[in-house]
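Given next are the chains, with one letter for each unit.
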Amino acid sequence: MNKRVDLGEMRHGTELLKRGFAKMQEGGVVMDVVTAEEAHVAEDSGAVSVMALERVPADIRASGGVARMSHPQLIKEIMETTSIPVMAKARIGHDEEARVLESLGVDMIDESEVLTPADPFYHIVKSDFTIPFVCGCTSLGEAVRRIAEGAAMIRTKGEAGTGNVVSAVKHARLLEAEIETSSNADSDQRADIVEKILEGYRRLEENSEIGAKVSKTPFGDIESIRSDLASVLDEVIELGRLPVVTFSAGGIATPSDAALMMSHGMDGVFVGSGIFKSSDPARTAEAIVLATHHFEDPQVVAEASEMVGEAMPGLEIDSLEVKLDERGW
Amino acid sequence: MLRIGLVMLQGARHSHIAALERASTETGIDIEIHELRKSSDLDSSEPHAIVMPGGESTTMRLTGNDPVSSLLPAVFDWIRADTERPVLGTCAGAILLAEPGDGGDSLVDAKIERNGFGTQADSFQSNIQAVALGREFPGVFIRAPRFTSSGGKAQVTAKLGNEVVGVMTNNRMALSFHPELSGDTGFHEWLLRTAEKHEADSE
Numbered sequence: 000m001n002k003r004v005d006l007g008e009m010r011h012g013t014e015l016l017k018r019g020f021a022k023m024q025e026g027g028v029v030m031d032v033v034t035a036e037e038a039h040v041a042e043d044s045g046a047v048s049v050m051a052l053e054r055v056p057a058d059i060r061a062s063g064g065v066a067r068m069s070h071p072q073l074i075k076e077i078m079e080t081t082s083i084p085v086m087a088k089a090r091i092g093h094d095e096e097a098r099v100l101e102s103l104g105v106d107m108i109d110e111s112e113v114l115t116p117a118d119p120f121y122h123i124v125k126s127d128f129t130i131p132f133v134c135g136c137t138s139l140g141e142a143v144r145r146i147a148e149g150a151a152m153i154r155t156k157g158e159a160g161t162g163n164v165v166s167a168v169k170h171a172r173l174l175e176a177e178i179e180t181s182s183n184a185d186s187d188q189r190a191d192i193v194e195k196i197l198e199g200y201r202r203l204e205e206n207s208e209i210g211a212k213v214s215k216t217p218f219g220d221i222e223s224i225r226s227d228l229a230s231v232l233d234e235v236i237e238l239g240r241l242p243v244v245t246f247s248a249g250g251i252a253t254p255s256d257a258a259l260m261m262s263h264g265m266d267g268v269f270v271g272s273g274i275f276k277s278s279d280p281a282r283t284a285e286a287i288v289l290a291t292h293h294f295e296d297p298q299v300v301a302e303a304s305e306m307v308g309e310a311m312p313g314l315e316i317d318s319l320e321v322k323l324d325e326r327g328w
Numbered sequence: 231m232l233r234i235g236l237v238m239l240q241g242a243r244h245s246h247i248a249a250l251e252r253a254s255t256e257t258g259i260d261i262e263i264h265e266l267r268k269s270s271d272l273d274s275s276e277p278h279a280i281v282m283p284g285g286e287s288t289t290m291r292l293t294g295n296d297p298v299s300s301l302l303p304a305v306f307d308w309i310r311a312d313t314e315r316p317v318l319g320t321c322a323g324a325i326l327l328a329e330p331g332d333g334g335d336s337l338v339d340a341k342i343e344r345n346g347f348g349t350q351a352d353s354f355q356s357n358i359q360a361v362a363l364g365r366e367f368p369g370v371f372i373r374a375p376r377f378t379s380s381g382g383k384a385q386v387t388a389k390l391g392n393e394v395v396g397v398m399t400n401n402r403m404a405l406s407f408h409p410e411l412s413g414d415t416g417f418h419e420w421l422l423r424t425a426e427k428h429e430a431d432s433e
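These protein sequences, in sequence, are chains A and B. Counting from 0, one number per residue, gives the positions in the first sequence under my numbering. Counting from 231, one number per residue, gives the positions in the second sequence under my numbering.
It should be emphasised that the hints constitute simulated quantities derived from the structure, not laboratory data. Fair warning: there could be bad hints in the mix.
[Stated by the list, open to error] Using 25 Å as the maximum straight-line C-alpha spacing, the simulated SDA-like pairs for lysine to any residue come out as follows:
1. 268(B) x 25(A)
2. 389(B) x 73(A)
3. 389(B) x 11(A)
It should be emphasised that the depicted structure is a prediction, and the values quoted were computed from it without experimental measurement.
Construct all of the structure, not just a fragment, from the sequences and the given hints.
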């Protein structure tokens, strides 16, 4: 019945479409998967998207070394298997890995500290891409920088692969307190906050033997970045929250962990090792979806908790050799 | 005061709340939005109209059919109980109306294909012809489903060129795009006006 539409005449990759894609994830659980089979389990258990990767964070931690973008063949297999959106991770600052992922046709790129950062000074120029990005943050300043660079979605930067939710909670609390502080700031104080956030673009200066000054960055000159940061901060203050969908990620291992993060005002959760490192992945996945959806109802969270067997083993943050929330800035 | 039930299973629910509130101001029709998470929320709120937002239809079927929630069976029963009840389903909401998946009849007389336009890179914005509103409308299509056919009981309510992007059976409107993200509240105003009229007719 329908004539084919010429998609070439339409507008693609707009800010509205990128942020709109993230809105479709609201209230959902994004699950890490390492095989097409796991992607199937995730979809059947109610995942809102899958994150395609070669190893879950717990295994990346255990094996050490440089963690890179997943093999294109694996990502393709997962894309062919599942009908829900597929996300994949690129290293911080690795624009070329991101280009590869975009050309493979993934729906969203996670510029992720779970992989080894590729650029010590700058993140990916996300506004140059047609597909949307999600980025991690530990605080408001980091979130504002990423949004100004074009991120369409933000997530906390909890310690992936530990089964320990404390860092995700820390970031959510900091974010909330800093949004409140910014909202109460007068115009001089706001300008000071913008200057502090701008410092994140001067990291190169500390490394220069001859005192190089940063005037131009991949995101434009310092003046234009300052004005972009100020307008994102204005948007935050006007809304009383980040202007993009905000998820929690890192260390979420149980249904009640997911409910806890939702009660901190998060719009949804990423679960990595917590599902496929548990004793019964399908049940755990479904239980976390239910607890995320009914987080305000302790009875349902209790029922969801009963559904799961043994959770993944956990790690103390102080005992970690690599702290992921120190990657990126 | 009209009570509008919003299916809170998953997806762009808060954008619908904002659009409904703006539509209420535009039309002067007072509304109260009731968030529906469980079938008991539907019983207690007795809505005059229902909005089924977009998101992932697979996720919505799981959370909506789970015994804890049972929201979807209750919503489908509510819709079938009176053919003139106003319903607005967008994107995944439109999929649920075309394919309720409960063994019963479709709630709109059309067939629909998930992700019919491709992946996120193919998501697009374009002006469309909102037949139901008699004017152009800013269409926002995100991994949108695609109507593959519509039957005799379906009225075409939105078109993109020759392609059908909105259908209506009785007062059940299924749109493959996202009016709640467009900044234009035309379809939400349609819902409120239709609900007001249906309420007046049934009294």
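How the hints compare with the structure:
no., hint, in the structure
1, 268(B) x 25(A), "holds (18 Å)"
2, 389(B) x 73(A), "violated (38 Å)"
3, 389(B) x 11(A), "holds (19 Å)"
Comparing the model with each earlier hint shows a violation of hint 2 alone; every other hint is respected.
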